[in-house]
Every structure is written in C-alpha cells, then in structure tokens.
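Chains as they are written, first to last, in the working numbering: chain A, 1 to 244; chain B, 245 to 651.
Among these hints, one or two may not hold up.
Claimed, not checked - One-sided excerpt, in silico: chain B residues whose CB lies under 10 Å from chain A:
{"no.": "1", "residue": "N246"}
{"no.": "2", "residue": "L248"}
{"no.": "3", "residue": "E253"}
{"no.": "4", "residue": "R256"}
{"no.": "5", "residue": "G560"}
{"no.": "6", "residue": "M563"}
{"no.": "7", "residue": "I565"}
{"no.": "8", "residue": "G566"}
{"no.": "9", "residue": "A567"}
{"no.": "10", "residue": "A571"}
{"no.": "11", "residue": "R643"}
{"no.": "12", "residue": "P644"}
Calculated from the structure, these hints are not laboratory results.
Just so you know, these numbers come straight off a predicted model, no measurement behind them.
Just so it is clear, CB atoms sit at the ideal spot from N, CA and C, and this is done for glycine as well.
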Amino acid sequence: MASVQIDSSTESLIRVENLCKTYSLDSGINGTVNSQVLYDVNLNINRGEFVAIMGHSGSGKSTLMNLLGCLDTPSSGHYWLAGRDVAALPENELARVRNHTIGFVFQGFNLLKRMTALDNVATPLLYAGVSRAESRRRALELLRQTGLGNFAAYQPNQLSGGQQQRVAISRALINNPQLILADEPTGNLDTQTSGEIMAVFERLNREQGITIVLVTHENDIAAYAHRLVRLKDGRVIHDGGVTA
Amino acid sequence: MNLLAIIGEALRALRLNRLRTGLTMLGMIIGVAAVVLMLSIGQGAQTTVNQAIASMGSNLFIVMPGATSSGAMRQSSGSVQTLTIGDAQAVASLPSIKAVAPIITGTAQLNFGANNWSTVVTGVTPDYFKVRNWSTEDGEVFSDTDLRSAARVVVLGQVTAKNLFGDEDPTGKTIRIKSSPFLVTGVLAAKGQSLDGRDQDDSVFIPLTTGQRQVFGSQFPGTIRFMMVQGKSAEAMEEAEIEINQLLRQRHRLVEGTDNDFTVRNMAALAAVATGAAKVMSLMLGAIASVSLLVGGIGIMNIMLVSVTERTREIGIRMAIGANRRAILTQFLLEALVICILGGLAGVALGISGAWAVSRAADMVVVITLGMVGLAFFFASAVGIFFGFYPARKAAAMRPVEALRYE
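If we strip away everything but chain B, and leave its shape as in the complex, we get (with noise of 0.2 Å):
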C-alpha cells in the first residue's frame, strides 16, 4: 500500500465534490485566520503595553500631592499643591533612591515664525530625563547650569518639534513660550503612547526654576505638581516605597492617625497590572477564536460521516479488490487531514491580511510571529486529525459485505 496514491485517491475524492470541500475548508479557513487573527492583536496589545512600559523608566514612583481634608470636607488629590522642591530634594537623599525629579506643568502656547501650537509644558530638572531613560535625537538636554539660573532654554518632543518647525532643524533656533524667547537646545527621541494612552512626544521641557519664576508663576513658590521617583533596585522597591512614605509624613509634620496629604505610585506594580491585563486580553481573544476553530472541525466530521455513509458501496468495492481497513482509514483521514491543511494554509492567508487590515483601518499595532502561524496550522491539523478520525474508522470498520449490498 503506498501513501503517496492513497493521497492520490484522497485528492481526486476532494475533487469530485467541489463544492462541498470548499464548503468545509471555509468553515476550517474562518477558524484558523480568526486564531491567527486574534493572537496578532493580543500580541500587539501586549507589545504596545509593554513599549508603554519601557518608555516610562524603570523602578518608578509617582509621588503626587494626595487627597487632603480640611476640617470635614475631603479633597481630591492634586488639590491642594502639598508637594515642594525641598520634598524632593530629601526623597533624593534615601538610600534607596537613585534620582529624583520634581515636575511641574502647564499649557502654554508657542510660536516660531508663524507657525504656533499648544502643549503642555513640563518644568523638570535635568534628572528627569535620566529618570525617563529619555535621550535626545538632536542637540543636547539642559544642564544644571541652565536650571541654577532659571535660563530660558527648551528641549522640544518630536511631535511638537514637527508642527513649529516641519523639517527644519529646531536646534539653536528661539522660539516663544508665551511671548517670551526660548533657546531650543535639542530635539528629544520618539517615545510613543504613554499608558494611559497619551502621546508624550506632543511636550516640550523647560528647567523647573524657569518655570516656576518665569512662566507659569505660583500661589505657593516652591511647590511642585508631582515628582517623579527612580528606586536602586527593583527589589528594592517596597523598602523604598516605606521610606518615601515615613520621610514626607515627617516632613509634612502629619500625626499618628491621620492620612497622607500624597500618594505614591509604585509605577511597577501599575505596569504588571496592565501587563497581566494585556495577557488576560490576549488569551481571551485567542480562546474565542478556538471556538470558532472547533466549530470548524465538528463541521469536518459532520461532513466526513455524510461522505462516509454516501460512499458506502465504493468503500464496499475497495474492499473487495483488496483494500484493507488501514488503507480505508488512511484514505479518509487523508480526506479529512487535506481539508485542513489547505484550509489551514488559506486561513493563515486570511489571517495576515485580516491583521494587516485592521493595523491600517484601527492604526493599532499587530504582531503576527512565525510561532503563531505553527500553532494556528498545528492546531488545524489536530482539528483534522480529531474529528476525521471518527469517520474514517466507521468507514474502515464497515464489513465487506454489507458495503457492497448498500443501495
């Protein structure tokens, strides 16, 4: 008995009922392309998160001024600016603390030439970007030079770079910051959606000092918005978390029994959070999908079992000249097994271009992997494997006789 014509034989039975293959592989494509094409998206999703993460620095606290109470009202958090630079100056001196930067922030609008845009304007100290692990493209950041003497300097985001200037090169050229001149220092890199799903390249950074004294102004001089807080270690971030606490209640002056007037973020726990959230999302999308997947192959065998009791009496005449029950099961598990294979061929087709689709149609990012694509086509010819087989042996255990008598 040889394969390679049983295959043959399998073919030719696929052949001769067009139609109702195309019917059946249809059922296997939809299945396989909905896997591949829900594993591309839950894939992109934790690549965009994790991006996400990787662009907000490492080992990060967010301290903000928190809810605060005055008398028996409660205030929401950032209402009342709690927070100063000399705050962040002592959380700068824990042993468990790498760097610190104080952030304050507004809108401004801005113009270069003619061309003028609103964003938001971060006061930082040069720590920031270390903090941030953010480099710049072009030119340099400010130098703590620039933030002792509140010097009018700026570094620009890329986006917001792009819309003052187009292509030119904004390096060394002045721009205005609510009317007053600005020296652009450099250009930061692309740093893409942060998580909360902002664009942090629509930004431009100036000193802290200058912002307070020259910008933005304060009711209270010296307090910040928040600040941001890197740790040594990611081991060592609860330690650190306990001491930030314990430092600004004892500077904040706060007795036993009453609550923080802020709130500190430990941006890694936020991060395995979202990650595990982008994981959930992925296995879900990916377990629906298999649904289809499995309804694809009940479809097969529904289809198999009729072709099986259809061909009854040719089962019955193959037997007759001598096929034996191997070569019986083996041609319609074949039967069934190409079905899935060229469906699971044509969905991974589908599936890519469905992906591709949805990344230009939703600008959403999809990864597909080689490794999904296997586990799409492995799992199709498991499906194929599973509920062919069935059929086939009912196929093969027929009894000669009664085949051949089948009307």
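So here's chain A without its partners, still in its complex pose (with noise of 0.2 Å):
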C-alpha cells in the first residue's frame, strides 16, 4: 500500500487545474458530436474543508463529481489527490485510490440488494484484502457508531431511507478514507431526516477531520459546508463563503 501513502505535510487534499472534459457522443449520420461538459476547472481543497458543489442541473457538477472520485478520468488537465497525480492513472489503480482514499455517498444510497447492512458496510474490505472476520468487526463497530448497531442484519429494503443513508456513510468510512464525496446525500430524504444526516457530516468534519465534498441543489443543504463552489455552464463561478 506504500503507493497510496499519503505525505501528510501537504496541505492540499485535491488540486485540480485546468480540468477539462468533453464527451464524444456517436450520432450516427453526422459521425461523432463532442460536447464539452467542463472547461478549465482550477480547484483546491485543503485537508479538512467541508465544500459544497452547487449548480444546475448540466452545470457539470456531477460529471465534476466522478472526476474528483476518480470514477471517470478527464479529458485533459490535471488533478493531484493527496499528492498524487491521479488523472492518467491505469483503471486498476483507481479502483485502489476508490477504494483506499475516497468514500462514496450517493443520492440514491446505491446500497447492494438482498444483503445485510453489516455485509453491506464491510464489502469495501472484501476488496481491500481484509479478511472476513475483521472486516465484520469494524463493520458493526461502525454501524454503532451510526446508531444502527441493532440493524446489522438487516436488508436495505427492511430499512427507512435514512438508516440507508447511515449504511452507506459506515460503508463509506470503513476503510478510513480522507475524503467523503456526497452526491446529493438528502436528495431522496425529508427535511427532518437530512438534518440528521448533514449533522454526521458535520461531526465527521470536525471531530475526525475527514474533507467533505458534497454535491447539493439545496441551499439550507449547502448551508452546513465551510465553502461553496458554483457551477455554471461547466465553469466555476462561484468560489467562497457560503452564503454568496
């Protein structure tokens, strides 16, 4: 794991400059149509910051997203996470970097079907190399954590929309990542039941450090980041205190 080490002197978490991404779609007659979706996105995210991403729907904002969780790879620029230069890295390497550095939360909790909750926070260690018994270990540790250590065996579907949610947050931090990415954490959640998921973020935030990076239309959402990025038309116009 010496490649994923992080130098903690850095400041820095995430530095994108000049991100680019252009998608090249077949249209058949007129051969292939490319049409860009980011232009020159300079970004820096320090250790610890709590952001949010706002915009319109086609701002970018996603596909900014899965860049940053290197779920995709941009067309030109460069991105450092945590140091590293991760734009031009093999698939397999990202699948490390996801799997070592990031965790995911998603809108619609993008939990696995028809399995526990326990095995459901502990798979990411499936593919870290851990074995079984230890991965279930800190799973139910996690999930008390999250108020859900009675929940363990349950499956998803058995589950309301905000215990999902704290499913996916344990699954998200089980293997101690540095940053959280939130793609629309409350979208699919009541305004009572969001706030008890942005308080984890903010407890995360401030008592483990974790950087969080949240993708959010809601302004009472964006409201609980330190910072607000704005996207327009797939540029940043928007770089500061929240409340712009």
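Got two chains here, separate frames each, mind docking them using the hints?
Next comes the structure, spelled out in structure tokens:
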C-alpha cells in the first residue's frame, strides 16, 4: 500500500488544474459530436475542508464529482489527490484509490440489494484484502457508532431512507478515507432526516477532520458546508463563502 | 482481494436467483449426464465386442464349403458339403498352421431324467477346445481315444447343463441324445455371446466320429460342416490364408479360372472390423452427447449475459467502493464455474444412475471408468470457463460512471 501512503505535510488534498471533460457522442449519420461539459476548472481543497458544490442541472457538477471520485478520467488537465497525480492512472490503480482514499455517499444510497447492512458496510474491505472476520468486526463497530447496531442483520429494503443512508455512510467510512464525496446525499430524504444526515457529516468533519465534498442544489443543505463552489455551464463562477 | 471471499460473493449471487441458477444448471446436468451415459454405453459395446472376440480364440480362420456352381446354377455357401476330414488333416499339416478343428453340427433333443432340452449338438475333435481356448469348469473334455473309438461321451455348455441338471453336478452322469445314452465327461466354462449374438454356452459337444456315425449320419460320409483353423502367429495370417487356399484348390482339383468351392474367412480381420465399428459408435455417441454439453454452455453464457446486464448497477457500486476489473471478472467467472461444477457433479451422478438403469432395463453391458467421469467433469469446467469468460469480461470492462448511472 506504499503507493497510496499520503504525505500528510501537504495541506492540499485536492488540487485540480485546467480540468476539461468532453464527451464524444456517436450521433449516427453526423458522425461523432463532441460535447464539452467542463471548461478549465481550477480548484484547490485543503484537508479538513467541508465544501459544497452547487449548480443547476447540466452545470457539470456531477461530472466534476465523478472526476474527483476517480470514477471517470478527465479529457485534459491535472488532478492531484493527496499529492498524487491521478488524472492518468490506469483503471486498477483508480480502483485502489477509490478503495483506500475516497468514501462515496450517493443520493440513491446505492446499497447492494438483498445483502445485510453489515455485509454492505464490510464489502469495501473485501476488495482491500482484509479478512472476513476483521471486516465484519469493523463494520459492526461503525454501525454502532451511527446508531444502527441493532440493524446489522437487516437488508436495505427493510430500512428507512435515513437508516439506509447511515449504512451507506458507514460503508464510506470503513476503510478510513481521507475524503468523502457525497452526491446529493439528502435528495431522497425528508427535511428532518436530511438534517440528521447532515449532522453526521458535520460531526465527521469536525471530530475526525475528514474532508467532505458535497454536491447539492438545496441552499439549506449547502449551508452546512464552510465553503461553496458554484458551477455554471461547466465553469466555476463562484468559489468562496457559503452565503453567496 | 481474497479469492475465498469472492467465491462467497459468487455463491450468494447464485443463491439469490435460485430458479434461474437451477435451470441453467439443468442444462449442464443434462449435458454431463448425456456424456457420461453415452461414453459408458459406447465403452460397454466395445467391451462386449472385445469379449466376444477374445472368446472366439486367437489367429482364427473359419473354412466353410463355398459357393459352388453346378452348370450355370450358382448355389449358396454351405449348400454342398465339399469339405472333408481329409481336407482338415491336410490343412493341419501346413507349416503355418497350429491346429485344425473340423466341425459338424446338428440340432437334437437331449434328456436327463424328466428334463429335456433341444440344442445344437456339435461334433468336434479334442483340438477344438484348444483352438477356441475353452476350458472345462468341471470334469474333462473327451480324449483322442474317445474320438478314435467314437465313444458316446459329451461335454456340456453351461446353459445346457443348467437346463438339464439344475443345481445337480452333471459330470459322470448319463444323458440321452436322440435316445442314445451319452456319458457327461465335463462342463465347459462360461463363454458368453459370440460376435453374431448367439449364446455359446447353450451347446453340447460330442466326438466328431460319434456324431458322424451315430447321431447325424450323412449323405456323404467323411464330410464336415466347416473347420476352424488356428494360425501359428498373428503375423503369419496372410501367408496361412494363401497356403490354405492353394492346398484346398489342389485337393479339390479346381482348374485355373474356376471359383473356389470353399470360403476362407479370416476372423482376425473380422474382429478388427467389429472393434473398429464399436469404436466409431462409441465416438459418435460421445460426439452427440457433447452437443448437449455445448448447448448447456451456451445456456450459461446466455444467462450470464442477462445477469451482467441486470446487475450493471451492482457492478458500478462495487467498482465505486474499490473493486478492480479483476475482482469483477473473477466474481462473474466464478459464478459460471460454480454452475458448471455443481451441474457437473449432479450430471455425473445422473449419468451413472442412468447407465445403471440402462444396463438393468436393456440388459446391456455399460462400463463407467474414472477417466470418463473425469473427462466429462473436465469438459464441464472448460465449458464454464469458455462460455463464462465473455460475460465476465463484459462486466469487468464496464466504466464505473456509466454502470452507476444505469437504471
């Protein structure tokens, strides 16, 4: 795991320079049509920050999120994650970065169906090569911390939305990531549950110093963050205070 | 990434879709069972043929009275008795010949006490038993003295002995053949079916001379029905055949240009043909069965492709939380392999019970070897890997972003 070891002296966790993303669409008779989604995005996020990314649909915020999460590779530009240039890594290396450095929380929870909460939380460790017993021990510990200790044997469809999202957060945390990427994590939840979930993120950020990047289109959710990045038509149009 | 855990994931996925897994497995079960069953039937046929050949005796010719023409009329083989004891003795003196057994046959009614049985009575010389490599199970075969004196002695085949005597020991007892008393000198060991499907154990043997003079009589004294000739070695068979032909043509005073009035049949060549036919049948059965294995494999590929498409989102999630391409490939390949291995095991069991049922129901010899089972199992696994690879690779080649977005 030496290659994933982080140089903790670097303040910056995410540094993006001139990031561009162009999708090529095959439109049949016209040949391929290129559609550029991100234009020269520059962004620096330090360790321990809590950043909200906002923008209308089509603004490129999901694309940026996918790039930051190493789920996709940029067309051009650079991306240093924890001091390492990950823009051009091969897929297997990216899988390792996702496994060790990043925790994902999605709008639709994205838990594996018909698998217990405990197994869902433990799954990332399967790919990290951790033994089954150890994985389950750590998973149960995390579920207890998020108040779901009694629900370990439940399957996702037996849990409420808020509980499912807590399971997803536990899963994101299991391999001690430095970064949590949350893509509209409260999009499917009611206001009260949303508040509870956001409180969890806030606590993780404050108590454990985990960097959190959150995509949302709701202002009151963005208000939990300490910094706001607003995108429009693939460009950063605001980077600074949350109240903007 | 630990393989055991990924096997666990594969098993879990298969359990979630029990019906589908079961049906896919059924294709494999039937394929493997068919291969095992067909191979065992083919092998059984080969064994039967080989046993029949071995029971015939080695390096054997059969010399029969041949197609003769009297004037313009051609008559079928055996219609005229052209072979004589003298011919047999002459053939026996050829250098390439080890032994000759002249044979006459007829059907007769046998009696022992209240039991009676009708069977083929064969008049032979003691050499016959050597040529056929046929020993007694009890008692002795008759001697040259018995032959010279045309003694009323008889050797029984197993089936005939059972029918006349039941559980009694026949040796030393007297039976009646066409109402004449004959002393039973021995009972032959079981020989089984001949190549033409006759039960060789349903027979009795008496001295040739006794047969000619006292049982059958003959229009032409001194003629025989046919003779079995044993060559000295397998290598000298062709040479022996030429010698027999020359000798008999000379003895029968056949001028150049006329047809033989006898037929020499090389049983070794016949045996080779029969063995070859059995082998071809065996191969064909195997080939037909492997088609069903192939169809089973295609079924697996089909289901795995559907499964991969259906689980696109799951694949995306797994990739997002750190599964690399190899982990995904391994999981899906293992799912296909598990289906094949479990299906293969069940198929082997089904094939063996099927073979047993066939041997019971159709009274056929079936042979199951470990190699056969191993072969079927090996092919099942190979089919699993071959047909499972494409869907698994398709799953592993997905881009995480797109897989996650899949509805």
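### Query
Any hints this thing doesn't respect? Which numbers, in order?
Violated: none.
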